[in-house]
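Produce the complete structure using the sequences and hints provided.
Here numbering that gives the first Met the number 0 is used: the first residue of the sequence shown is 0, the next is one more, and so on.
Simulated from the structure, these hints should not be mistaken for lab results.
Built from N, CA and C at the ideal position, the CB exists for glycine as well.
Errors might be hidden in some of the hints.
Each pair of labels, with its calculated beta carbon distance range [unchecked claim]:
no., residue 1, residue 2, range
1, GLY12, ARG114, 11 to 21 angstroms
2, ALA5, GLY128, 30 to 40 angstroms
3, LEU151, MET0, 32 to 42 angstroms
4, LEU151, ASP20, 28 to 38 angstroms
5, ARG112, ALA81, 18 to 28 angstroms
6, LEU151, VAL1, 30 to 40 angstroms
7, ARG142, ASP20, 30 to 40 angstroms
8, ALA139, GLU9, 11 to 21 angstroms
9, GLU86, ALA111, 19 to 29 angstroms
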Amino acid sequence: MVRQLAYRAEGWGVGELVVADGQVVWHELPRVSDTETVDGHDPVVALLQAYFAGEDVRLTDVPVDLEYDSPFFTRCAEALRAVPRGEVVTYGELAALAGAPGAARAAGTFCARNRLGLFVPCHRVVAAGGLGSYGSLGLAYKRRLLELEGAL
0 MVRQLAYRAE
10 GWGVGELVVA
20 DGQVVWHELP
30 RVSDTETVDG
40 HDPVVALLQA
50 YFAGEDVRLT
60 DVPVDLEYDS
70 PFFTRCAEAL
80 RAVPRGEVVT
90 YGELAALAGA
100 PGAARAAGTF
110 CARNRLGLFV
120 PCHRVVAAGG
130 LGSYGSLGLA
140 YKRRLLELEG
150 AL
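See below:
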């Protein structure tokens with residue numbers, strides 16, 4: 000069964016996710032939107048709303064589909080799900096954790112293509128000399144997520 004859901008996170012906006020056979024297969028982080036939302040009765044939506052309310056929930060415990068286009072991307076996703084809330088790794092460290100030391104740029108490409116939002120928390124990956132980037136949501140959004148988690 001495939002379910003497409005939208006949820007509202009107070010102060011953050013509307014996020015969307017797709018759940019298939021009990022696994023999250025896609026997650027879009029909240030932003031301002033007119034999309035109709037579901038309430039917190041869905042367990043994954045309730046977890047996301049708790050996360051954005053500042054509660055210490057482990058979104059990385061939610062089952063997700065980690066099959067990516069390349070084995071390296073799959074290893075990046077697995078490694079990144081092991082990085083605890085409140086901690087960060089560099090792109091180089093992520094590459095090493097995924098078994099490819101020296102592949103920092105490839106780790107950055109993985110983060111740019113991450114389709115699972117907070118369930119594979121690419122916001123916890125930073126550049127060696129600073130925060131780095133955060134795609135279309137921008138650096139201020141990344142900083143806000145890291146502050147919410149106590150990493151900054």
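Evaluation of the provided hints:
At about 19 angstroms, the beta-carbon gap between GLY12 and ARG114 stays in the expected band of 11 to 21 angstroms. In this structure the hint that ALA5 and GLY128 lie 30 to 40 angstroms apart at CB holds, the actual value being about 37 angstroms. At roughly 39 angstroms, the beta-carbon separation of LEU151 and MET0 lies within the given 32 to 42 angstroms, and the hint holds. The supplied range of 28 to 38 angstroms is met by LEU151 and ASP20, whose beta-carbon atoms lie about 36 angstroms from each other.
Taken as a hint, the range 18 to 28 angstroms holds for the pair ARG112 and ALA81, whose Cβ atoms sit roughly 19 angstroms apart. Range check, LEU151 to VAL1: Cβ separation about 36 angstroms, and the 30 to 40 angstroms hint holds. In this structure the hint that ARG142 and ASP20 lie 30 to 40 angstroms apart at CB holds, the actual value being about 35 angstroms. One distance hint, 11 to 21 angstroms for the beta-carbon pair ALA139 and GLU9, holds here, with the actual separation near 18 angstroms.
Roughly 21 angstroms separates the CB atoms of GLU86 and ALA111, a value that falls within the hinted 19 to 29 angstroms.
When the structure is compared with the earlier hints, no violation turns up for any of them.
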